[in-house]
Each structure stands twice: as C-alpha cells, then as structure tokens.
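Novice: Please arrange chain F with the ligands on chain P, whose structure you already have, making use of the hints.
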Amino acid sequence: MAQTYSGPGVFKRIRDDYFSTRLNTVVTLGFAAFVIWVVWSLFGWGIQQAIWSPADKDHCGHGSGGACWAVIAARWRLIFFGLFPFEEQWRSGIACAAIVLTGGLSCVPWFWSARRLSALWIIGFAVFYCLMRGGFFGLTLVSEQNWGGLSLTIFIFASVTLIGMPLAIVFALLRQSRLPWIARTMGVVIDTIRSLPLLSILFTFAIVIPFVLPGWMIGDKLYRVIVGYALFFACYQAEIIRGGIQSLPAGQDEAAMALGMSYWNRISYIILPQAFRNALPATINQLVITFKETSLVVIIGFFEILASGNAAYGNAEWNFAHVEVYCFVGLIYFTFVFALSRYGAYLERRMAVVER
Amino acid sequence: MTNSQSAVRISDMDKYYGTFHALKGINLDIAKGEKIVICGPSGSGKSTLIRCINRLEEHQVGSINVLGTELDDNLDNIDEIRRETGMVFQHFNLFPHMTVLENCILAPMLVRKQERHLAERDAMELLTKVKIPEQAEKYPGQLSGGQQQRVAIARALCMKPAIMLFDEPTSALDPEMISEVLDVMVGLAHEGMTMICVTHEMGFARQVADRVIFMDGGEVIEQAPPDQFFDNPQHERTQAFLGQILGH
Ligand SMILES: Nc1ncnc2c1ncn2[C@@H]1O[C@H](COP(=O)(O)OP(=O)(O)OP(=O)(O)O)[C@@H](O)[C@H]1O
Ligand SMILES: [Mg+2]
Chain P
1 MAQTYSGPGV FKRIRDDYFS TRLNTVVTLG FAAFVIWVVW SLFGWGIQQA IWSPADKDHC
61 GHGSGGACWA VIAARWRLIF FGLFPFEEQW RSGIACAAIV LTGGLSCVPW FWSARRLSAL
121 WIIGFAVFYC LMRGGFFGLT LVSEQNWGGL SLTIFIFASV TLIGMPLAIV FALLRQSRLP
181 WIARTMGVVI DTIRSLPLLS ILFTFAIVIP FVLPGWMIGD KLYRVIVGYA LFFACYQAEI
241 IRGGIQSLPA GQDEAAMALG MSYWNRISYI ILPQAFRNAL PATINQLVIT FKETSLVVII
301 GFFEILASGN AAYGNAEWNF AHVEVYCFVG LIYFTFVFAL SRYGAYLERR MAVVER
Chain F
1 MTNSQSAVRI SDMDKYYGTF HALKGINLDI AKGEKIVICG PSGSGKSTLI RCINRLEEHQ
61 VGSINVLGTE LDDNLDNIDE IRRETGMVFQ HFNLFPHMTV LENCILAPML VRKQERHLAE
121 RDAMELLTKV KIPEQAEKYP GQLSGGQQQR VAIARALCMK PAIMLFDEPT SALDPEMISE
181 VLDVMVGLAH EGMTMICVTH EMGFARQVAD RVIFMDGGEV IEQAPPDQFF DNPQHERTQA
241 FLGQILGH
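If you read the sequences in order, they're chains P and F.
Going by our numbering, the letters in the first sequence line up with residues 1 to 356, in that order.
Going by our numbering, the letters in the second sequence line up with residues 1 to 248, in that order.
Don't take each hint at face value.
[What the hints assert, rightly or not] Mimicking SDA-like on lysine to any residue, the simulated pairs with C-alpha atoms at most 25 Å apart in a straight line are:
no., chain 1, residue 1, chain 2, residue 2
1, F, 138, F, 91
2, P, 57, P, 36
3, P, 221, P, 37
4, F, 113, P, 194
5, F, 113, P, 348
6, F, 138, P, 348
7, F, 138, P, 97
8, F, 138, P, 352
9, F, 138, P, 108
10, F, 138, P, 257
[Unchecked claim] A partial selection of chain F residues facing chain P, derived with a Cβ cut-off under 8 Å:
no., residue
11, 18
12, 56
13, 83
14, 110
15, 114
16, 117
Derived by calculation from the structure, the hints in this document are not laboratory data.
Yeah, the Cβ is synthetic: ideal placement off N, Cα and C, and Gly gets one too.
Next up, chain P with everything else stripped away, as it sits in the complex:
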C-alpha cells in the first residue's frame, strides 16, 4: 500500500518554530501583542471611528479620533483627473482605463510578438491621446497643460517605458559594439546621464531645451519631459540589459552564428530573450522605481497624482485631511507597484518551469 508522507501537524510545527525555548516564547508573544495593537489601532482609526460621508464632514477632526475619508469622497475626482475640465472627466477616466488595459494585455503571453505588441500599444496610445486631447467629433480641446492626476501619471509612465525600453536595447547593443569608438562613446553617454540626478535632466528638457532647439522641434513641455525621462530610464535599463547579455555563455552566439543566422536574428531570437530572462528581476525593479519617480514632474509644473493629492486637501475646507489623502494616493501607488512586482514573480516562475 502506498503511504504518503504528511509531515508534522500544524500545531507541532508552530510549537517547534515559535515556542521552542523560553526566550522564543517571550519574543513571539511580545511581537504578537505589538502587531495586534498596531492592527487594532489602524482598524479603529481607519474604519471603526472613520467618517465616510461628506455630509458628516463637520465631525471630522473634532475629537472623533478617526480618519476622515469624507475628503476622498468629496475630492476623488481632483485626485484622479487633476485640472481636467469637470464635465469632460469621463474622457480622462476612459483614457486612463485604456492605458491600464493595454498594459494588462501586454502582460498576456499571446501578445508577445513585436507586431502584436506594437499594434496594441499604438491603439492604446491613440485612444488615450484622442480622448484626452479631443478637439474633434465635438470633443472639446483639452491641452496637455490641463491633463493631470492618475491619468497623467500613468501616461508618463507608459510613454517613458515604451520609448525607453527600445532605446535601452539600442544603447546596450551599441555599448557592446565591436567598433571601439562606438562602444566607448556610448559608454561615456550612459555613464554621464546616469551620474546626473533625474531632476536636473527633467529641468534641462523642460526649460533649457527650448532655448537651444529650433522652434518646430520643441513640442509641448510634457513631451520634452517624457523624452528626457525616457533617456534617463534607457541609460539605466541599458546597463541592466547589458548585464543580462554578458551573463550568457559565448557559445550561444557562436552556435547561432554557426547556423548562419544574421546579426539581427541572433540578437532578437537568441540573445535578447535570454538576456531579458536573466535581467528580469532588475528590470521589474527599474520599472517600479520609474513609476514612483514620475512624481518628480510636479516640480516642472505638472499636476500628476501626488500634486493633485496636495490640491485635494489644499483648501480651507479640507486642510486638516492630508494624512487621509496621502494614504489614498499611497494606496493607488501600492496597487500598481504591487501588481507589477507580482507579475514579475509570475514571469520568473513561468520561466523557471520552462528551463529546468
């Protein structure tokens, strides 16, 4: 008869792991008490004693002791859509959803071919741009200066990644070039940009570039900032990709060469797929940082989600409610970053299955 090994029972495991000595028991109980206290306090503040409806707003901050979520109920549209004209905010909402959906779809393996991905993103961005900017079919024109909130944050993030990623690949390949002067020049460019603070790059592109470039090349400030940010992203990501490429055994490229494959075929079928696998954790990390640092564009005068959060409590009526607003904005950031890192973990698991 087949016997299955079931391991020690749950109780025994807990006892062995957490209560094996007197010191362990003390530490376990002390820490458990602390956690319970924190959770209980948060629960009391955030839920039990919280005020939810803007109608009860007068109770907020007057000894109720709870969070005033009423500010979110009253001001969520400002947080999500910034200065976008109030009656048109449905456009911003749909546009935002379109980009998120596009991002979500491009995580599905079926879309993983250059043609499908580019088609998907062209459609995604076209929908976003037409809805946001309008100016046809009776949609009123809303210029980039009035875009804001979550839609703007996501737009900046998606564009930076989308411009930055191909650029990063090109940079990484150029830095690996067999012609020393190309490799060295690229190395200097990458190292220079990486040694500058992101803020100074954003400033340069937003404010200095217009003085330098001819008028027709300037474009809206938003796009200049995106290009600058994409360049910055590309330099970091290029080094990540290069690391991924260098960790491949030389035999991979040699085998592909011996089969007669051209440079571009070797790069796109053999080298990059494996390099990206190796570089996946670092890439996800870089994407998370990039998403969070979109908040720096506030300083250039954009109204992304953190700035619109500031505005949400920045009037006499709600000026006590900054903690609640920051919690809410933090939760939004968390949702995206957490989704991203879970997706990264899923990819790693998927590849581990494939390769061993």
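Specialist: For chain F with the ligands alone, kept in the frame of chain P given last:
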C-alpha cells in the same frame, strides 16, 4: 585552379590572437565526402583551426576556401559558408529557452526561409535519425548530456550542410553517453557526409576516418590514414602523444 572535388582548402594560413601565433602555415585539402579526425595536445590549435573554417575565428594570413567560396571579409561569402557548414560544440550550446523542436527549426526558417511545417517535418525526421523524436517538445535542460548532443547534431543537420565540423563532441559527456553520440556520427559518416572532427576517440578515428591529422604548437605535424597513423607514426611528437593517450 580550385579542385572541384575539394570541400575545404586551406593554404598557408596563419592565425594570431593578438601577438600570439596560434596557427602556423596551415595547408590542408579536404575532399568532398572525406572524414578527417584532428587530434593533438591541449592548446595545440585544434579548435582554432576548425573555428576558422566557418569564421568563428578570423585568420590573418593565407586563404581558406570552402566549397569554392573564398572566406574573406565579404559578408555574403561568410553567410554562404556558414549555411553550408554545420557545427557541433563540446558544450552542445543548445538554446535553453526553446524546445528541442524549436531549436531545430529556427535556423531553417530564418536562414533558409523554409516554411514552418516543412521545417518541422525535416526536424522530426532528423530527430528520429538521432533516436530522440519523443523529446521534441522538451526543453534542453530536461535532457541528458548525450541527448542534448544528439539534438545539437540534429539541429546542425536541419540546415542540410555539406560539411560537418565537430569540436570534441564527446569530451563533456559521461562515459556511458559517449557511444550514443559516436553511433550517430558513425551513421553520418556512412551516409557520405564530409566530416572534420576534433576528437580523442581513437576507436572512432580508426573506424571511420580517412585521414588523421596530428597538431602541436599551432602546426600540422603529421597526417596519415588511421592504420598508418596509429601503427606507424613517423614523427616523434606524434609517437609521444599517442603513447600518452593510448596509455603505453
Ligand atoms: N580567444 C583567444 N584569445 C587568446 N588566445 C586564445 C584564444 N583562444 C585560444 N587561444 C590560445 O590559442 C591556443 C590554441 O587554442 P585552441 O583552443 O585552439 O586549442 P585546442 O587544441 O582546441 O585545445 P583543447 O584540446 O584544450 O581544446 C591556445 O594556446 C590558447 O591559449
Ligand atoms: Mg579545443
């Protein structure tokens, strides 16, 4: 003047790694259908020599002509030669992110512009020939060393090369897997493939080689048919080498 029966013709070829003179005045004429075994001590330039034939390494002096195509800086010539030569490496070098079948059909589809279903049909035929058709959907990491090397041979054959280059195909294998790879190579030899093998498998050399070449210090020291090479080596360095590997 090129002999139309020549598969590979190397004349006065020198190869340098920086200032290091790795191959010195190599002259070699290999006929179509001929089986060559190259042996020699470690560092003698065996790998370098066969890697020069498909331009994984570049030679600096002299000429290499493969099936009538001159190996020079003309990229079209290099591509042409690589299409006509298959190579099998010591460490297999299969693409770990692709299944066995994908490994086999990739180059035929990209380089020979073969349609997928035809490439797959040919690949399955060759996988059957190396006796692992049932592994087609697996990934290289799931196979044993001997199986991986047989896949590598099938992958090279899928390009329908006229010449096969082997660089110590069995020396990374556990002893019990060596014969399954050598069997495939013997089969290939019997079909008339032109083969250039760097190997120390002397049994294989005796069985299939038309000529055994001994290299040392970047030079071809001696070449002879296997019987003569093993039983009556002329050069003392050859004698010393054979003494070592045959354990006299
Ligand atoms: N990329 C390289 N750069 C510099 N020197 C090299 C390089 N590759 C090989 N060499 C040198 O060239 C000589 C010949 O090397 P090669 O690999 O052809 O020897 P081999 O006969 O194949 O030896 P083994 O039996 O160990 O494989 C060696 O001295 C080696 O150190
Ligand atoms: Mg070698």
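Novice: Each hint should be assessed against the structure and marked as holding or not.
Specialist: Now for the hints, and whether the structure bears them out:
1. 138/F with 91/F: holds (18 Å)
2. 57/P with 36/P: Distance of about 30 Å is beyond 25 Å: violated.
3. 221/P with 37/P: violated (49 Å)
4. 113/F with 194/P: violated (42 Å)
5. 113/F with 348/P: violated (33 Å)
6. 138/F with 348/P: holds (19 Å)
7. 138/F with 97/P: violated (39 Å)
8. 138/F with 352/P: Satisfied, since the Cα-Cα distance of roughly 14 Å is no more than 25 Å.
9. 138/F with 108/P: holds (22 Å)
10. 138/F with 257/P: holds (23 Å)
11. 18: Where the cut-off is 8 Å and the nearest Cβ of chain P is about 15 Å from residue 18/F, the hint is violated.
12. 56: holds (5 Å)
13. 83: holds (4 Å)
14. 110: Holds, because the Cβ-Cβ distance from residue 110/F to chain P comes to roughly 5 Å (cut-off 8 Å).
15. 114: violated (12 Å)
16. 117: violated (19 Å)
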